[in-house]
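For the record, the sequence lines run as chains A and B.
As numbered in the working numbering, residues 13 to 227 make up the first sequence, in order.
As numbered in the working numbering, residues 176 to 414 make up the second sequence, in order.
These are calculated hints, taken from the structure and not from any lab test.
Backbone N, C-alpha and C fix where the C-beta goes; we use that ideal spot for every residue, glycine too.
Some clues are possibly wrong.
Computed footprint of chain A on chain B; a stretch qualifies when at least three of its residues, placed anywhere within it, have a C-beta under 8 angstroms from a C-beta of chain A [to be verified]:
| hint | stretch |
| --- | --- |
| 1 | 221 to 230 |
| 2 | 278 to 287 |
| 3 | 322 to 329 |
| 4 | 348 to 358 |
| 5 | 368 to 381 |
One side only, chain A facing chain B, incomplete, derived with CB under 8 angstroms [to be verified]:
| hint | residue |
| --- | --- |
| 6 | Asp24 |
| 7 | Leu67 |
| 8 | Thr89 |
| 9 | Val95 |
Single-letter residue listing:
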Amino acid sequence: MTDSLVACPECDALHERRELAPGTKARCVRCGAVLYRRSYLEPDHQLALVTAAILIYLIANSFPIVDLEIQGRSNSTTLVGSVLALWREGREIVAVLVFATTQLFPLVDLGVLFALLLMIRRDRPALAFAPMLRFLQALRPWGMIEVFMLGIVVALVKLSNMAEVVPGIALWAFGLLTVLLAVILSLDLRSLWRAGERVVVRPRRRLRPKQSVHP
Amino acid sequence: MSAAPTTSSSEARVTTAAQAGLVACPHCHLVCRDTAARDGYGDGRVRCPRCAGRLHPRKVDSLSRTWALLIAAAILYIPANAFPVMQTSTLLSTQNDTILSGILYFWNTGSPELAVLIFTVSILVPLLKLATLSTLAVSIQRGARSRADQRARLYRIVEFVGRWSMLDVFVVALMVGLVHFQGLAVIQAGPGAAAFGAVVVLTMLAAHSFDPRMIWDRAHRPRRGRDPKKRLVFGTRHG
Chain A
13 MTDSLVACPE CDALHERREL APGTKARCVR CGAVLYRRSY LEPDHQLALV TAAILIYLIA
73 NSFPIVDLEI QGRSNSTTLV GSVLALWREG REIVAVLVFA TTQLFPLVDL GVLFALLLMI
133 RRDRPALAFA PMLRFLQALR PWGMIEVFML GIVVALVKLS NMAEVVPGIA LWAFGLLTVL
193 LAVILSLDLR SLWRAGERVV VRPRRRLRPK QSVHP
Chain B
176 MSAAPTTSSS EARVTTAAQA GLVACPHCHL VCRDTAARDG YGDGRVRCPR CAGRLHPRKV
236 DSLSRTWALL IAAAILYIPA NAFPVMQTST LLSTQNDTIL SGILYFWNTG SPELAVLIFT
296 VSILVPLLKL ATLSTLAVSI QRGARSRADQ RARLYRIVEF VGRWSMLDVF VVALMVGLVH
356 FQGLAVIQAG PGAAAFGAVV VLTMLAAHSF DPRMIWDRAH RPRRGRDPKK RLVFGTRHG
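Only chain A is shown next, with the shape it has when bound in the complex:
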């Protein structure tokens, strides 16, 4: 067990760990994969960003994204409204997929990251740290706010041909959220394992196979 070595996640080549300057990344000499990065932002700055992102997330989901007007009748939808409409007309799978990737996972991602950064800030051992960070790593690829933002743009272009489109508050909020998330997601979760070195509660004894169970 050693913290001075890094194995490339994509080709398993061993490297010695070197401290990086802020904003730089270490790449594997063999396959070029990113081994680890150092953000410009310290955990405290990240905490501030995550707090802001959670607030903007709430705004983005409480207000209509756009207002649509056809022949004097207008209609607007929030993200939840879209998901509910899908659910009501019997497209449950699509509804769940959209809800999970654009609402549930991004919110859980931000919430868990907020908790982890708080734990690092307190700098005291926390039992939940390791399981939460592992959970966050598994969850991360499934939050798709930035793809959704592009989806909004495409839908608006499509609708502008047939109706009057008035951007809503949530549209701007989603735009801002996309930018903030791009910064937050560029934080290398692997660096949190090192930042939280004193927070992780290590298993007390080696987990050994139980001979009785596995004869």
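Once you have looked at the hints, place chain B on chain A.
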């Protein structure tokens, strides 16, 4: 800026964790001593001393899982493109749009750049993902040794672009939420939308379950069947 390799910078002399008797924790990336030789990896009994996660030198059952997910995705790819993803009902008519006809709509109504974008993420990317991951899996099963760096790059691209295929699903969801003017125009999602979403999720899972380290493992393993001493050794029965 790059980290220092433990040996020389020439590619051939890179030492892998596996060769050094080490294993990187798949969860917290801590490089640990590989005690599997003594204890065996079965049932996840070897745990990381930092995060208590299960240690595996390579992703478990990587190729069979990748294949299973790829086959499922390939099957669903057919309904995803054959069935309509969106149904537009107006006073006069009902129009069913598949993914391809949605692209043609953009092409014909003066947004060719959007047509190209959606064609890329909805048709090209899923197809290329299926083809690329299958090719990579086959190359590993056949013990391919050449162009490991290019295959590794292909994998990285596939993993990066996969999520963007969800674009069409989100567009449909927004249209459904926005356009319901009873008696005037109503948009509903079609059966193709769920199939298409499933294709994206399955190909993403397939990319996740593929272990790119296998590419390099085979590339640097001694050729099979070249050792004359080993050549004529037949397996003896166990037990």
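Hint-by-hint comparison with the structure:
1. 221 to 230: holds (count 7)
2. 278 to 287: holds (count 4)
3. 322 to 329: holds (count 4)
4. 348 to 358: Our answer is that it holds, as 9 residues pass the Cβ test (under 8 angstroms) against chain A, meeting three.
5. 368 to 381: With 6 residues closer than 8 angstroms to chain A, the stretch 368 to 381 of chain B meets the three-residue bar; holds.
6. Asp24: With Cβ-Cβ at 4 angstroms, under 8 angstroms, it holds.
7. Leu67: Nearest chain B Cβ about 23 angstroms off; hint violated.
8. Thr89: With Cβ-Cβ at 4 angstroms, under 8 angstroms, it holds.
9. Val95: holds, 7 angstroms
Comparing the model with each numbered hint stated earlier shows that hint 7 is the single one that does not hold.
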